[in-house]
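The listed protein sequences derive, respectively, from chains Z and Y.
Heads up: the first sequence begins at 4 in the working numbering, then just goes up one per residue.
Heads up: the second sequence begins at 4 in the working numbering, then just goes up one per residue.
Keep in mind that the hints are not guaranteed to be accurate.
Remember, identical chains collapse to one label, so a pair may be satisfied in a single copy or spanning two.
[What the hints assert, rightly or not] Simulated pairs of lysine-lysine, DSBU-like, Cα-Cα distance not exceeding 30 Å:
1) 205 x 27
2) 123 x 370
3) 27 x 122
4) 122 x 311
5) 311 x 60
6) 470 x 239
7) 146 x 123
8) 370 x 178
9) 442 x 146
10) 35 x 239
11) 122 x 35
12) 459 x 239
13) 122 x 146
14) 239 x 122
15) 470 x 446
16) 146 x 27
17) 27 x 223
18) 60 x 205
19) 463 x 27
20) 185 x 27
The hints are simulated quantities; they were obtained by calculation from the structure and are not laboratory data.
Number of protein chains: 2
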Amino acid sequence: MAERITPRAESYSDWYIDIIVQAKLADYSPVKGSMVIRPRGYAIWERMQSTLDRMFKDTGHVNAYFPLLIPMEFINREAEHVEGFAPELAVVTHGGGEELEEPYVVRPTSETIIWSMYKKWIQSYRDLPLLINQWANVMRWEKRTRLFLRTTEFLWQEGHTAHATAAEAEEETLKILNIYQKFAEEYLAIPVLTGKKSASEKFAGAVDTYAIEAMMQDRKALQAGTSHFLGQNFAKAFDVTFQDQNGELDLVWASSWGVSTRLVGALIMAHSDDNGLVLPPRIAPYQVVAIPIFRDKNKEEILAYTDKVVEQLDPSVRHTVDTDNSNSPGWRFAEWEMLGVPVRIEIGPRDMQNSQVVLVRRDTGEKIPVALDDLRERVNTLLQEIQTGIFQRALQFRSDNTHVCETYDQFTALYAEDGPGGFAEMPWDGDPETEARIKADTKATIRVLPFGNEEKAQGKTDPVSGKPARYVAIFAKSY
Amino acid sequence: MAERITPRAESYSDWYIDIIVQAKLADYSPVKGSMVIRPRGYAIWERMQSTLDRMFKDTGHVNAYFPLLIPMEFINREAEHVEGFAPELAVVTHGGGEELEEPYVVRPTSETIIWSMYKKWIQSYRDLPLLINQWANVMRWEKRTRLFLRTTEFLWQEGHTAHATAAEAEEETLKILNIYQKFAEEYLAIPVLTGKKSASEKFAGAVDTYAIEAMMQDRKALQAGTSHFLGQNFAKAFDVTFQDQNGELDLVWASSWGVSTRLVGALIMAHSDDNGLVLPPRIAPYQVVAIPIFRDKNKEEILAYTDKVVEQLDPSVRHTVDTDNSNSPGWRFAEWEMLGVPVRIEIGPRDMQNSQVVLVRRDTGEKIPVALDDLRERVNTLLQEIQTGIFQRALQFRSDNTHVCETYDQFTALYAEDGPGGFAEMPWDGDPETEARIKADTKATIRVLPFGNEEKAQGKTDPVSGKPARYVAIFAKSY
Ligand SMILES: [Zn+2]
Ligand SMILES: [Zn+2]
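Chain Z with its partners taken away, still in its complex shape (with noise of 0.2 Å):
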């Protein structure tokens, strides 16, 4: 490796550029806030939008695409959605070389210009559901931005669904959640906590805003997906309505759900190492690397050894074969390493003679001699343990960074200067105010209600305003 990484005890932030910029995954633009996603960067997202568009399209949903620019005007009909958007939003004045008579904004999230279209397209009950999900850039102007986080510019998948009961409505919203929770636990090995936002913390525009939050490794919270049910509101902002069973006219009830990019940046933070990448085998654009080591004399022997060694390969293992041997072994092992794929084969002339191999695990550094006749089957059960064994470490991980509060000191003592952080279940009861004084004294918000938090939370007091509690609150710092 020419250049070193930032170990993350020194600086977790500089750990995680270092990683980013020296992979290959992403540059800085010359645009402002905008980034580059890199081939390698843009390989993880492929994977990750084929795979959800999959369990989309498994659960009825067709994608589709709306305008990028979006009259102004729209944006300033949902009271919530425009005080929530407008200080974030990039404004088109110019077109074919004239002043526009009324300005675009660049799509910060597209409810308005679908719901704009879907009262063209509904008039009855036979026109609902209506599932449609939409792959897209967006913008949002930010004044601060870091790689794959938070990026003026992103990429995200954007789901607009119509319903024609509230109770459809909710349950989409759920089984959005539920799919995101799937994608994130059994793909990118990252646990997640589920869950209601609180008010101050909801989209703009929503009745109720569900997330999926993820522990990183600096013990911070990362929102990782959000589905919010919508209500009547864009319904009523649009005038949306349709002729029910009943002959009778109402307005139509909406969902709307994304994940983005910012994605990607989860997966670094989650699992990367002061080493570089660590990917989990179902979502590394490569699985396994054969690292041929020879030297002129035997070279011509050992590239006729791995390609038998490769063609032992499933054929649904998604491989690459390094022939460049410019650079000395341990300086390409390390190479590999820093690019994250899961398991490296090293093959040399002593392998070649023992009709063998070594494989070695990227995420726990293990060696595993393998018999030639062995390594499919080997090959294969290890890309599952590699899998199952990053989740874990990352669950413990955040199971052992999890505190239940019941003072106020200490819940303050983990978020101090040199506290540890992590995730705080203290009881709260509900009140904006107590919540805000929290984040004043703290900077920890509330994460999610989880799911039961209501029933748990009966009998308990807030520990911060000592008034009864309504709900149990997962509380953390955040991204």
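Given the structure of chain Z, go ahead and fit chain Y with the ligands onto it with the hints provided.
Just chain Y with the ligands now, kept in the frame of chain Z:
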């Protein structure tokens, strides 16, 4: 069918829009010149995307993502580029509630932003070639728009490659042209002419532009894809040099190439008929629709038999079953014809008794009774026959409507008010003034200078100028 599709003979352009709107492929949006791509249209685009993406990756290309916004100053750096694109730019002047110090343009194409990054990424011959593609939205402010064919915003892929030598960049340019031709002919079933553009028709900033040109059913030409050899123009504009193997500093060579959602328009106009869409099987989202014909009394039996029929199909055949019998069989057949599904399987009580079904070809209307035992094989071969049949019909049509013109009278007669139109092959002296005169007289332009046309021109005379011909060009009126 509730609504009527305007017959082609009555108005080709109304017919085109009727199909798009009634098949719900796209819709007009409240944003001037932008369209909404509805799920049925987007499904066609997704199949185009996945097919092309595979072809690009199989030839060593990788995907990445660059910013939507481009500093206005970048566009100004390449003289021809700014001249070509300045009139079509959308400009962002405000962000985050403040006026920007320097305005950004919404990308009309990404050469400038990408070459500003290539300057950071390319130092040595070891960094070359760079073979990067981007799937993105772009924006060109158009005065006259038409769904899919010309819209202010459209979706496309844009490849941007960097090479150490002119020869390599030219080879890449032609390799991609070849991929575009193969895709158009083998998947879209649209025969295309390939060749170079004349100087007046080339991309703003290119040394040479190559194109694939297709004939629509109204005998006009449609440019369906372009591949540009950019020489060192953008390397000069962004000062992108590399150290070659001899340690000398050289400017980098470039290509760029793209196809867009315009291809969906081409697909519609090339094959469809007065009953609606006609889709080639290899690009159709559904290749087969099974339509059971039943009443309440035999519903269970017929649907059970339908299950048996569908199980016979090859698992690779994309199919759907229409079990909604609230309309008459005739209405349902017409509906699926309008949607362009290549093969309809009609399943009625008599079919069930005889252990057979009736296949109906969308392209010819031919009805083919098939025994259940023969269904799998028959459907597989039928899909191939339809794919080939559609292509051959389009090829015959182009051949019937391509005319070799020895005199300018022959030529002008083709493009007279009541002339037949089509493609004209005519010698050209290579003078832009001759080309401009022809355009002024007839509205026909040079679509391509086919490969080998210069040899063919030897000894011939340009019938317009009377001067010796340098080329034999293909002319047509175009979209
Ligand atoms: Zn504790
Ligand atoms: Zn003729």
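Hint check:
1. 205 x 27: Intra 34 Å, inter 34 Å, cutoff 30 Å: neither.
2. 123 x 370: neither (62 Å within a copy, 38 Å between copies)
3. 27 x 122: between (44 Å within a copy, 15 Å between copies)
4. 122 x 311: neither (61 Å within a copy, 40 Å between copies)
5. 311 x 60: between (38 Å within a copy, 25 Å between copies)
6. 470 x 239: For residue 470 and residue 239, the Cα distance exceeds 30 Å both inside one copy (37 Å) and across copies (70 Å).
7. 146 x 123: between (37 Å within a copy, 25 Å between copies)
8. 370 x 178: neither (41 Å within a copy, 43 Å between copies)
9. 442 x 146: Cα proximity of residue 442 and residue 146: one copy only (21 Å, versus 52 Å across).
10. 35 x 239: Classified as between; 24 Å across copies, 36 Å inside a copy.
11. 122 x 35: Only across copies: residue 122 and residue 35 sit 18 Å apart there, 36 Å inside one copy, limit 30 Å.
12. 459 x 239: neither (36 Å within a copy, 67 Å between copies)
13. 122 x 146: Between. Shortest inter-copy distance 27 Å satisfies the 30 Å Cα cut-off; intra-copy 35 Å does not.
14. 239 x 122: within (10 Å within a copy, 50 Å between copies)
15. 470 x 446: within (22 Å within a copy, 81 Å between copies)
16. 146 x 27: within (24 Å within a copy, 41 Å between copies)
17. 27 x 223: Within one copy only: 25 Å inside a chain, 46 Å across chains, cut-off 30 Å.
18. 60 x 205: The answer is within: 27 Å in one copy meets 30 Å, while 41 Å across copies does not.
19. 463 x 27: neither (50 Å within a copy, 56 Å between copies)
20. 185 x 27: within (28 Å within a copy, 33 Å between copies)
Going down the numbered hints, you'll see the structure goes against 1, 2, 4, 6, 8, 12, 19, while the others check out.
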